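Asks: Turn these sequences into a full structure, and let the hints guide you.
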Amino acid sequence: DAGVIQSPRHEVTEMGQEVTLRCKPISGHDYLFWYRQTMMRGLELLIYFNNNVPIDDSGMPEDRFSAKMPNASFSTLKIQPSEPRDSAVYFCASTPGQASPYGYTFGSGTRLTVV
Amino acid sequence: SQKIEQNSEALNIQEGKTATLTCNYTNYSPAYLQWYRQDPGRGPVFLLLIRENEKEKRKERLKVTFDTTLKQSLFHITASQPADSATYLCALEPMEYGNKLVFGAGTILRVKS
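Residue numbers (this note's numbering), protein chains in the order written: chain A, 168 to 282; chain B, 210 to 322.
None of these hints come from the bench; they were simulated from the model. Here the structure is a predicted model, which is why all the values come from computation and not from measurement. Keep in mind that a hint or two might mislead.
Claimed, not checked - Within a straight-line C-alpha distance of at most 20 Å, the following computed SDA-like cross-link-like pairs (lysine to any residue) qualify:
1) B:Lys309 - A:Pro263
2) B:Lys309 - A:Val179
3) B:Lys212 - A:Lys191
4) B:Lys309 - A:Pro251
5) B:Lys321 - B:Lys212
6) A:Lys191 - B:Phe255
Replies: Here it is in structure tokens:
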């Protein structure tokens with residue numbers, strides 16, 4: 168398996184523009200997570216899905232953020248409109264289940280810069 | 210409030226020595242605790258998981274302990290090598306929050322040859 172695949176690796180956009188981040192989890196993993204990492208706040212959980220259903224989106228900062236998982240092999244995180252404070256590295260991760268001995272597998276992340 | 214605290218200062222050690230990293234938590238009741246390694250520009254990589262009923266777990270040169278009374282986990286790397294230099298993250302899966310892995314800020318480890 169190629170692991171968790173995220174695209175794009177880097178995104179630079181102007182304030183007010185829509186940004187869409189993409190993630191392909193590992194096949195067979197029932198859980199998918201979106202995290203955001205900044206120097207100030209570290210790794211923060213934004214939302215997670217179980218079997219394509221959103222379970223907890225309490226970490227989504229505002230209504231400008233939305234996430235979908237239309238099928239088991241694809242998820243998107245959308246920011247509309249984007250703001251400079253959204254600049255961060257966004258990670259997608261997947262895991263087979265709770266307390267998996269394999270832990271979470273993270274993608275390489277998308278570095279988002281909003282100017 | 211709930212907190213996960215890791216050494217904020219970087220840990221600098223000499224090659225061959227044992228590195229010990231600390232993770233303390235407050236106001237959580239974790240069923241499991243995990244350790245991850247993160248290199249610059251990369252995503253975290255899973256290292257070890259330890260359950261609340263396990264005191265210690267080992268994997269090659271790595272050892273993790275979990276003391277639910279002290280609310281602390283220690284992460285040891287024996288015979289450290291420069292290639293072990295990275296940021297190490299502690300993460301909890303609190304029972305009361307379902308499948309939400311909550312991360313500490315991480316500790317930077319630098320192993321000098």
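Asks: Against the 20 Å threshold, does the CA-CA distance of Lys321 of chain B and Lys212 of chain B hold or violate the hint?
Replies: 31 Å, violated
Asks: Can you confirm whether the C-alpha distance between Lys309 of chain B and Val179 of chain A stays at or below 20 Å?
Replies: Cα-Cα ~29 Å, so violated.
Asks: Taken at face value, is the distance from the CA of Pro251 of chain A to the CA of Lys309 of chain B at most 20 Å?
Replies: 27 Å, violated
Asks: Lys212 of chain B and Lys191 of chain A were given as a pair; does the straight-line alpha-carbon distance stay at or below 20 Å?
Replies: Violated, because 31 Å separates the two Cα atoms, which is more than 20 Å.
Asks: Can you confirm whether the C-alpha distance between Lys191 of chain A and Phe255 of chain B stays at or below 20 Å?
Replies: 18 Å, holds
Asks: Hinted pair, alpha-carbon criterion (20 Å max): Lys309 of chain B, Pro263 of chain A. Please report holds or violated.
Replies: Holds. Lys309 of chain B to Pro263 of chain A sits at ~14 Å (cutoff 20 Å).
The structure shown violates the earlier hints numbered 2, 3, 4, 5.
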